[in-house]
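Just so you know, the protein sequences line up as chains A and B, in that order. In our numbering, each number is its position in the first sequence, counted from 1, plus 2. Letter 50 of the second sequence, counting from 1, is numbered 36 in our numbering, and no numbers are missing.
For the record, the hints were derived by calculation from the structure and aren't laboratory data. A couple of the hints might just be wrong.
Stated by the list, open to error - Computed cross-link-like contacts, SDA-like style, restricted to lysine to any residue with a CA-CA straight-line distance of at most 20 Å:
hint: 1; chain 1: B; residue 1: K25; chain 2: B; residue 2: M2
hint: 2; chain 1: B; residue 1: K49; chain 2: A; residue 2: K8
hint: 3; chain 1: A; residue 1: K8; chain 2: B; residue 2: M2
Stated by the list, open to error - Heads up, incomplete: computed chain A residues facing chain B, CB under 7 Å, no partners named:
hint: 4; residue: R14
hint: 5; residue: H45
hint: 6; residue: G138
hint: 7; residue: S218
hint: 8; residue: D257
hint: 9; residue: I258
hint: 10; residue: M284
hint: 11; residue: D285
hint: 12; residue: F287
hint: 13; residue: V291
hint: 14; residue: R294
Backbone N, C-alpha and C define an ideal beta-carbon position, used for all residues, glycine too.
What follows is the residue order along each chain.
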Amino acid sequence: MKKRKKAPWLKRQLVRQPRPVWMLVVGDALLLGVALVVFALFHHVLPRHEQSVGIVTSRYAVREEAQEAGDAPTVGAQAPTAAPEPAATTEPAAAAAQPEAADPPPADDGGPKKSVHSAASVGWFGDKFPDKFTDGEVIKADNGYQSSHVNITLQRYKKTRLVFYVADIYIKDIICLKSVFAQDTFAKGMRESVASMNKRAGGVIAINGDYYGTRSDGVVMRNGELYRNDTHPRRDVCVLFWDGIMETYAPSEFDIDTVIAQGACQIWNFGPMLLDENGGIMDKFNSDVWPRNPRTALGYFEPGHYCFVVVDGRSNESDGLELKELSELMHDLGCVRAYNMDGGNTSVMVVGGKPVNNQSGKGRITSDAIVIVDN
Amino acid sequence: MLRKLLPHITIVMCLMYVVFFCIDRVNSAMAFIDNEITKWLLLALCLISIVDALWLIADERRKARRRQERLAAKKRAARAGSR
């Protein structure tokens, strides 16, 4: 008699009827877990290279256009003339970040001189803050760094269940503030630690950027090159121009052609913006992530003068800040424009090769960093 | 075998979308819904759901037909018995 072939185990299990309900539920839950892990692998982990749009702006072009227009190169937004008084609640921070009385931006006469210095005077702040930079000497301290090109004062502030860090930054040249991609590659899902990016770029201090690599939309412009041109309908945009002015836009106000024509140098698309067009505190934000969280923010006082702010959160020591509280903090520091970068576990400030803040969780590697380089 | 697996795949994919929806409510910047993979998953879910539904409809029709045949056979038997 011919022996009947035995069906495979899985088939036997599937044919067996009826199965207990709990077994079906557990099986489906396990299958869901596996499916989510596979999704996360493709969505978050595996890098996918993207093609750059290839449009490049330069400070020289901005200079030429300014000369043609016969104006001083103040593109983008109005140059702030005075910063608001800081509130008493963040006095130490405000004291550290209080900008000095702003001189007008360096406007050279647009005459026939065509030396390198003249062409580079867009985004050159050496004459504006002469006392902030040394003659070549590098002075390193626990809470600061001073050289011929950058001046950084780092302060840690502790309040009741709140810890935050403010780096008050003066740069002599706009190229001292640069963006770095993870692995120096523009790709979705490409990630690296901010400390590593800072080290590779030779940076003095760095914060995480907008984590563009987790999304396939949103405008990405870094160091003058437009990599992606896809404005997200719900996310605010932050533009740093070659002349040092920083401006924030609601999605409906943003026009890529206009900002490129005006000499955009960096464009971040995460947000939301934290201060309104008058530098005032905002109540409503273009973001759902309003509760208390670790935060990273980029603040702007005047061309050449910026601040990095990182707020710790999700810990026993610090709860983090709501967006409105962050808006108040940036206002109290004296910023006239401020923009929220990626927060949560990503939120980090790095000095040299080490994070200075207490990263939430174990921290998170990210796709880009904003670095201050001394060159 | 596929016929038995398909309803579970549908349930799992629907639950994935519930997870994506919840995360998107909390943090839309993560782009769990607004990305290419999720769009293709949505297409796959639609196709699987259609196949699943067609199978279910076919099953129901077959069952109904059998029920009718059984009923007709009973009637015939009853008629034959009465004669």
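We went through each hint and held it up to the structure:
1. B:K25 <-> B:M2: Cα-Cα ~13 Å, so holds.
2. B:K49 <-> A:K8: Violated, at roughly 30 Å.
3. A:K8 <-> B:M2: The hint is violated at about 36 Å.
4. R14: 11 Å, violated
5. H45: 6 Å, holds
6. G138: With Cβ-Cβ at 43 Å, over 7 Å, it is violated.
7. S218: Since chain B brings a Cβ to about 6 Å from A:S218, closer than 7 Å, the hint holds.
8. D257: Hint on A:D257: violated, closest Cβ of chain B at ~22 Å, above 7 Å.
9. I258: 20 Å, violated
10. M284: 18 Å, violated
11. D285: 20 Å, violated
12. F287: 12 Å, violated
13. V291: With a closest approach of 5 Å, the A:V291 hint holds.
14. R294: For A:R294, the interface hint is violated, since the closest Cβ of chain B sits about 13 Å away, which is over 7 Å.
When each numbered hint is compared with the structure, violations occur for hints 2, 3, 4, 6, 8, 9, 10, 11, 12, 14.
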